[in-house]
Amino acid sequence: KNEVEQSPQNLTAQEGEFITINCSYSVGISALHWLQQHPGGGIVSLFMLSSGKKKHGRLIATINIQEKHSSLHITASHPRDSAVYICAVFSGSARQLTFGSGTQLTVLP
Amino acid sequence: DAGITQSPRYKITETGRQVTLMCHQTWSHSYMFWYRQDLGHGLRLIYYSAAADITDKGEVPDGYVVSRSKTENFPLTLESATRSQTSVYFCASKVGGGTEAFFGQGTRLTVV
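Residue numbers (this note's numbering), protein chains in the order written: chain A, 1 to 109; chain B, 110 to 221.
For reference, chain A alone in the conformation it holds in the complex (with noise of 0.2 Å):
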């Protein structure tokens, strides 16, 4: 079992609306970032949480610690929002990052 685990693999929408990635981890973190990558592109970080919650435009990233479970939501989706996101977690000395597999997110026009 990968210790993070991210949930759907792939995921359409239509333009406009509103999309929840998952993601759960089975370790102890430091911290958890939600990166995003669009094709051939590189890697952006989009969020870096250890608790609650952030916004940033029509992103939002909620975590909760207990339940060792992270949410990236994107409000009033738009087909520029296409790309793989992914999840990444420090964990122990925090000396490194664990990846969740990634979604690909298509939004049609």
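What the hints contain is simulated information worked out from the structure, not anything from laboratory work. Just so we're clear, the structure is a prediction, and the values are computed from it rather than from any experiment. This list has only true hints and no planted wrong ones.
Residues of chain B placed beyond 12 Å of chain A at every Cβ, according to the derived structure:
| hint | residue |
| --- | --- |
| 1 | 124 |
| 2 | 125 |
| 3 | 126 |
| 4 | 133 |
| 5 | 137 |
| 6 | 172 |
| 7 | 174 |
| 8 | 181 |
| 9 | 189 |
| 10 | 192 |
Sample of chain A residues at the chain B side, in silico, Cβ under 10 Å:
| hint | residue |
| --- | --- |
| 11 | 32 |
| 12 | 44 |
| 13 | 48 |
| 14 | 97 |
| 15 | 98 |
| 16 | 99 |
Built from N, CA and C at the ideal position, the CB exists for glycine as well.
Fit chain B to the given chain A structure using the hints.
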């Protein structure tokens, strides 16, 4: 420019050749990492470095060599490239004790 940069962005090489991927960061972050990204595996750690002259193996180190003579540079060398090393390689850095990581743009390597 400030940031973390990888070079080259794209590389095609032949089986058996030595190839070096470069990573340079301008923040003086103590930690640097090399990952490879493959379909079905996600991102996997190859090697990391906690400081200049300190390196350690990650999950998939076989066939790779790293060095870190200067804090800002962390080159990854494939001593004798194999087709299984065809992948996208990402370099990342973070401050010591910090938990926010910064990624390079990636290097797409094809071994033919």
